[in-house]
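Enquirer: Residue strings, one per chain:
4 protein chains.
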Amino acid sequence: MLVVMAHNASPEDVQVVVDTIREMGYEAAPIPGKQRTAVGLVGNDGNVDASRLEALPGVLQVIHVSQPYKQVSREWREEPTVIELANGTRIGGNEVVMMAGPCSVESEAQILGMAQQIRDAGATVLRGGAFKPRSSPYSFQGMAEAGLRLLARARDETGLAIVTEAIDPEGVDIVAQYADIIQIGARNMQNFSLLRRAGRSGRPVLLKRGIAATINELLLSAEYILAEGNGQVILCERGVRSFDTHTRNLLDLTAIPVVKALSHLPIIADPSHGTGLRSKVIPMGRAAVAAGADGLIVEVHPDPEHALSDGAQSLYPPQFEELMTQVGEIARAIGRELTPRLPSPTHAR
Amino acid sequence: MLVVMAHNASPEDVQVVVDTIREMGYEAAPIPGKQRTAVGLVGNDGNVDASRLEALPGVLQVIHVSQPYKQVSREWREEPTVIELANGTRIGGNEVVMMAGPCSVESEAQILGMAQQIRDAGATVLRGGAFKPRSSPYSFQGMAEAGLRLLARARDETGLAIVTEAIDPEGVDIVAQYADIIQIGARNMQNFSLLRRAGRSGRPVLLKRGIAATINELLLSAEYILAEGNGQVILCERGVRSFDTHTRNLLDLTAIPVVKALSHLPIIADPSHGTGLRSKVIPMGRAAVAAGADGLIVEVHPDPEHALSDGAQSLYPPQFEELMTQVGEIARAIGRELTPRLPSPTHAR
Amino acid sequence: MLVVMAHNASPEDVQVVVDTIREMGYEAAPIPGKQRTAVGLVGNDGNVDASRLEALPGVLQVIHVSQPYKQVSREWREEPTVIELANGTRIGGNEVVMMAGPCSVESEAQILGMAQQIRDAGATVLRGGAFKPRSSPYSFQGMAEAGLRLLARARDETGLAIVTEAIDPEGVDIVAQYADIIQIGARNMQNFSLLRRAGRSGRPVLLKRGIAATINELLLSAEYILAEGNGQVILCERGVRSFDTHTRNLLDLTAIPVVKALSHLPIIADPSHGTGLRSKVIPMGRAAVAAGADGLIVEVHPDPEHALSDGAQSLYPPQFEELMTQVGEIARAIGRELTPRLPSPTHAR
Amino acid sequence: MLVVMAHNASPEDVQVVVDTIREMGYEAAPIPGKQRTAVGLVGNDGNVDASRLEALPGVLQVIHVSQPYKQVSREWREEPTVIELANGTRIGGNEVVMMAGPCSVESEAQILGMAQQIRDAGATVLRGGAFKPRSSPYSFQGMAEAGLRLLARARDETGLAIVTEAIDPEGVDIVAQYADIIQIGARNMQNFSLLRRAGRSGRPVLLKRGIAATINELLLSAEYILAEGNGQVILCERGVRSFDTHTRNLLDLTAIPVVKALSHLPIIADPSHGTGLRSKVIPMGRAAVAAGADGLIVEVHPDPEHALSDGAQSLYPPQFEELMTQVGEIARAIGRELTPRLPSPTHAR
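Protein chains in written order, with the numbering used here: chain A, 1 to 349; chain B, 1001 to 1349; chain C, 2001 to 2349; chain D, 3001 to 3349.
Hints listed in this document are in silico derivations from the structure and should not be mistaken for laboratory results.
Take the hints with a grain of salt, since some may be wrong.
[Unchecked claim] One-sided and incomplete, this derived list gives chain B residues near chain C with beta-carbon spacing under 7 Å:
1. V1048
2. P1057
3. L1060
4. Q1061
5. I1063
6. L1112
7. H1246
8. G1292
9. I1330
Fair warning: this is a prediction, and the values are worked out from it, not measured in the lab.
By construction, the Cβ of each residue, glycine as well, lies at the ideal position given by its N, Cα and C atoms.
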């Protein structure tokens, strides 16, 4: 940590900073400059309270050199975290996982049919929302536990693993009974009560980046889950807010190699929410894998014209098959493989 | 609602849009253009599912003309909502309310002393966090219910009303027992379970704008509270995320007159979080009132150098007195008044 | 300057950084930390080439402590720059200057009538574009030199000073013949050839902040003008790009006190372009003055319905009179005054 | 174009809008709604002056349905523009072009050596700045015409085509004498005098997206060049401004498929400026090609530690070879090819 003094700070101001750093239990290393003096804080263990230093007279700025997170960092754990699901899908290793399904679970016929189709196309994880966070209180809010039961049935019939969202602390317990992966959505990335409960659930957690979250904030939110003893976190880039209205969000694919350098956790991409446009899902899905993503989560709908939510960004099933083929080739071009297909249905658990 | 067709959409595509609109129970009005055709949806009652239209073949874009929110709008209620607290403070009328206090409740001496000082300076509402949402799981998380009890004691001694934050649905019930106003923080603006519970609490709610929330999203989140039967919502502009690192956030003061035109709800500003810099709180507090804010919420700390959170943006008590004076003059310059001072302590409830 | 090493940087990597800093002629001060080592560069004179250090092996990040600009900084010159125009208007002192007029000069009747009206309302500087930078090549591009002649005529008749835009290096010479202040627009803030030419023009320059320029970039662009020997630069906040579409831009009023702390140059605000909405110009003009702006530049049009550009954000003349009154009261509330009215027309130069 | 009326607009207000549209020579189609009325403008030929309608009483908003650009659009020209350079490189067809070289031309040895290396690696276009736009007036500004002569010499020796930047209108004429492609940088994307001159140069133009330019603005700037009769424009995504400081810019790869749908012009990506970090150039270069880019422009430097600019984002030559290999495989995975290698040096022109 570096405490930068204003150019007109007095020697007494500098001394107060030095004394305060020592009082906090660290070493202080003043660095005089032509324009201004800075004071280095030596021995930062990640617990320094910067705001106390920022508030001292003559202090211009406090610059953070150490990262504020711990257990999620590469420095804490060098080798990548690999998460293995009950159906054999491994996330975070050399294989690229494909998660797919409708935005919302709408009916038995819809989710079972959809599950069959994405399984036949080669996906190994089924997505589908039972609890839906919606900007408007008047929009469809999901089928709740009835939807979870249908997802579990789809798993029984196809062998697909299930990822679905929890939107409040109580919901975590219900979702954990049915799902293989608990999803935490972008709007809840800093819902710390929810993160803590997910950390205690014992289930892998798919944590989506908030609409304007920095990468540091994403990692700090993951840290909440790890701090509860749950190391099975999958991060997800799904687009950030931008000034251009051509796409719903701005898919920040550079976040993928940035996160991979900072953290041992797997990171996947959501090109459906990341663009909001069906016609952009295939090129951006390809691009995410080329950038190094450990997988994709994609919305597919058997009949997007009649979807209850997000129809405009859902792929038609034949488009999903095309995406699988193209992404498989991109993965091979960079020395990776898609997750192996599930064994034939008769062997499904 | 206007459905814009791609330039190469066929007449059949246009017909499908027209038929779908009629099937949904609305009238369709095609508008041919030189470049492309658009189809107007006539009779929009706010329940149209746009994604169904967006998913139709040949559709380029769906443009929303109607607002997605209802009860919060000026069209629903012409006259401004005025919220009256037990100590007589009125929010949303001609008076400008001043809320002040420390970021966090830290001790009995701190909060009681602080309350006395801001009351003497003329404020009528005391702020102070007992439950603190923090980006890092390793930061101070607040005194919880013990903090609430101290706030209630400060109210008893000074007559100030209390505003303090709830961070999860269960917390709403506890906070509602002690506080005059329940605050919902920026990170929780789209925590819909929390909004609904606050809507059922019977208490006024201070709803802060999310870090990258559009004004429409802010109003839709307020709509969640009104939809539960609670019309006592105070909106708060507290800065949005920006690309410039000189300030912690970018205080969007234009949101104040924009919200006032769209909604009957009161809106205040938080220049402390909105700038993150003590030296900018006074000018931006003045600017917010000049822009038409119904009040300010400001961080003040008796000893910012030893604050447990947000020390760098907290005013010293004499600075707060200066702010009160300057804001009072600005209010008068535009024909408003500060909330009258509270009667002397012996009359406090 | 602080060179932060990756956590797995070797002692040799650190040594290379130390050696390189010394080779560059500065002192190196290593600061070991628990997570990582940093190396302070002592004696930074503002000419350090950071990219050379960033490129060294094991370097994670280079953090700038010194500011990259010089002559524009408060550290270079403590007292505020005050610019005095031929008609007596002083910009940057205690007076608040009002600049007003149409977006574009459209005709003799329009500009002379407008000049009379804003002068009668109390403004002292007339704005009006003769060269218009337009996003589309098919939009009205201005009356060019004929427009400049009309502006000069308006000055002769009213005593108002003239501010008008130059859009390329050659244009600077023509504009300098007619104008009291040469405006450089937001799109050209980093058109360095234009900045240099304006720096050599001998005229005061009004430099608008680019649509997504950081405050450092704005000050560096001003530095280009000062580096040519021209210290008469007026900065202008006019809104930055945002994700919300309610307003054309997001007026960043906090930039005003931030710039005032960093630089001795005057700064004004443009609430017309900053909001793009006529109904928001008055509240945001008030707010800018309350935040400490040294003046406003505002679009007024005698007949906005028939304006050739920017009609929707132009005030009607009676609205401008209302703005003058309100802004005058705000100025007095913070101990400032509007620029005194010009003497009666018979005394105009 | 759709003119949306405020909910309290009177029938007279609506009539004025209808009359004004007719007076402008178009048809008006009112669309009544439950909340508000809208008026469609039928027959928009792209020349409608929206601000005139926005300024009418009772108008809430004007919504643009037609695109403001013409010649750059797919609607103007269905088949993709393919630009062929003198050395046989074709840009915009099925081949993916690789442009590479140092940020700045620094010396004869540097540029000739570099040219040889990138040519041997398979690139066909050499980049290198002779005129450098720099945020600070005190940074290295390039070798000017001496640099151009060195680039021409590198072309003679290697057969590579040359792309280099012009930073002002006069510069265009000089650059056009030496370069195969004239580059217009991000800061100058809306320097309309420069765009016009480039449009009259007769040379292909590489137009980089501005730091916060919308895709519409990028296309409108290209339109300035086409409007001068020069259809040989290559667009370039190079990152937009963001709130996260991990990367220099946020590379918006979705812009690639978005532009390809809207326009017939080729678009390439610059992962060097787009990320600012050497370690992110390879993954993001791969991702850009996977997203459909027609090529890459990449900074390579023989000795980044001693580069005069942008050292931290320049690849080492062996890294560039690795990028060529990986990008070639990605291109094949989506059915494209890299531009064929140049014939051996003895056949260079």
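Enquirer: Next step is simple, just say for each hint if it's right about the structure.
Expert: Status of each hint after checking the structure:
no., hint, verdict
1, V1048, "violated, 20 Å"
2, P1057, "violated, 27 Å"
3, L1060, "violated, 18 Å"
4, Q1061, "violated, 14 Å"
5, I1063, "violated, 11 Å"
6, L1112, "violated, 33 Å"
7, H1246, "holds, 5 Å"
8, G1292, "holds, 5 Å"
9, I1330, "holds, 5 Å"
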